[in-house]
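Enquirer: Chain by chain, the residues:
Number of protein chains: 2
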Amino acid sequence: MTDSKARRRALVLLSGGVDSTTLLAVARAEGFEPTALVFRYGQRHGIEVEHALEIARATSIEARVVELDLRSIGGSALTSDEIAVPRDRPEAEIGASGIPPTYVPARNTVFLAYALAWAEVLGIGDVYIGVNALDYSGYPDCRPEYIEAFERMANLASKASTEGGLRFTIHAPLISKTKAEIIRWGEALGVDYSRTWSCYDPLEGAGGGPAACGRCDSCLLRRKGFREAGVADPTSYAASGERK
Amino acid sequence: MTDSKARRRALVLLSGGVDSTTLLAVARAEGFEPTALVFRYGQRHGIEVEHALEIARATSIEARVVELDLRSIGGSALTSDEIAVPRDRPEAEIGASGIPPTYVPARNTVFLAYALAWAEVLGIGDVYIGVNALDYSGYPDCRPEYIEAFERMANLASKASTEGGLRFTIHAPLISKTKAEIIRWGEALGVDYSRTWSCYDPLEGAGGGPAACGRCDSCLLRRKGFREAGVADPTSYAASGERK
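For the record, the sequence lines run as chains A and B. Using my numbering, read the first sequence as starting at 1 and increasing by one per residue. Using my numbering, read the second sequence as starting at 1 and increasing by one per residue.
These are calculated hints, taken from the structure and not from any lab test.
The list makes no distinction among identical chains, and a pair is therefore deemed to hold if it is satisfied within one copy or across any two copies.
Keeping only pairs whose Cα atoms sit at most 25 Å apart, straight-line, the calculated SDA-like set for lysine to any residue is: (1) K177 / T162; (2) K177 / L156; (3) K177 / A149; (4) K177 / E163; (5) K177 / E93; (6) K177 / A29; (7) K224 / W185.
Please read all numbers here as calculations on a predicted model, not as lab measurements.
So here's chain A without its partners, still in its complex pose:
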């Protein structure tokens, strides 16, 4: 499996977080040569794009940045400055008390629609997405029934599938894993989590650069995952977690 020319290509949606970075390694382990799709969509934590691109460079993966504007649509704490990112929620509450304001309307549908366009142009039938329905924030577009419905729609949508014989398969291998299981899987595959970025609401760090807040749902799920996996979390969290 070391000859990349013999491998089938796959598109991997890469955000630069724990899940999608593990996903990249899983796609490789499953025999694919990944091309990363990285979305700059006006997210509050635009820094994740730089992390995603650095991860792709460090692992010799081709990456394509898709520029799109979900900020003009808004409706989410991640794409509107008028909606606050929740902080310090009890771990048991995350994912159990309704869909939080960090939900971005139709985000995975928009991302997968662009992936479908790229997949068709590149002649790639396999698309990997790192959605997770267990240790997650309660987003509806992370559930198996959503992924299955998208896949079905995609195979009716395109020239490649209806005339060209290409079948689109949406791979979601993390969907029923806990964050700790994902991290242990990544560790076994040699993933370097020090390059990943999870925080929704970056603060100014001690050295002037961005630091993870340690208090948003995404930081809390990350911390819990590393703790439960028994793996050291390489993240430098802001000392106080207060905005300067």
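Given the coordinates of chain A, work out where chain B should sit on it, guided by the hints.
Expert: Just chain B, lined up with the frame of chain A:
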């Protein structure tokens, strides 16, 4: 039905062509207060956006322009200068001889994904799209089974539908009509077709402005539609149809 405050809102995908301009009138006739979504996606015939906005202004419809870049993906005569727009195809061949190079990969899926995001943020459950599976170019994402699959997926995708009780309905009232039937329907509803734009491949007109080529599939279907409807086509086609 004249009190707009009593009407439910609907999103209407408006390109500025015959079908979507008729659609706008149909949505109104069906009792909705439309908001037009107009997509500037890097299309060869970007002029259609100006026509769409003029149609919205003239009919007092709120319009939102969605800016997105499908040109960087390419793979279509409409989004790549390296792929030619077919000309002078026999009418019987259009839609009957495979999917033509003017097919834009995943275009309707990308458009409907943005519409879903906007619909959710605006609290609108009804989305109108002017797809047509009869007098069309053979695009897979214009068929009823595709529209039904998208609607099903959309209702699994969003916070509004899974938690908020909003049901997304994709209305495609033109899907089984001929172009002539669409034009006659629009005539009955008072549509001013002189504002519409169909041509995929605009040429320089006599006055220096753009003129419809009269020879691409879209011009040919338009001409056929007006002819069969027994309605005068208000379009000024370029005299020679040759590029200057």
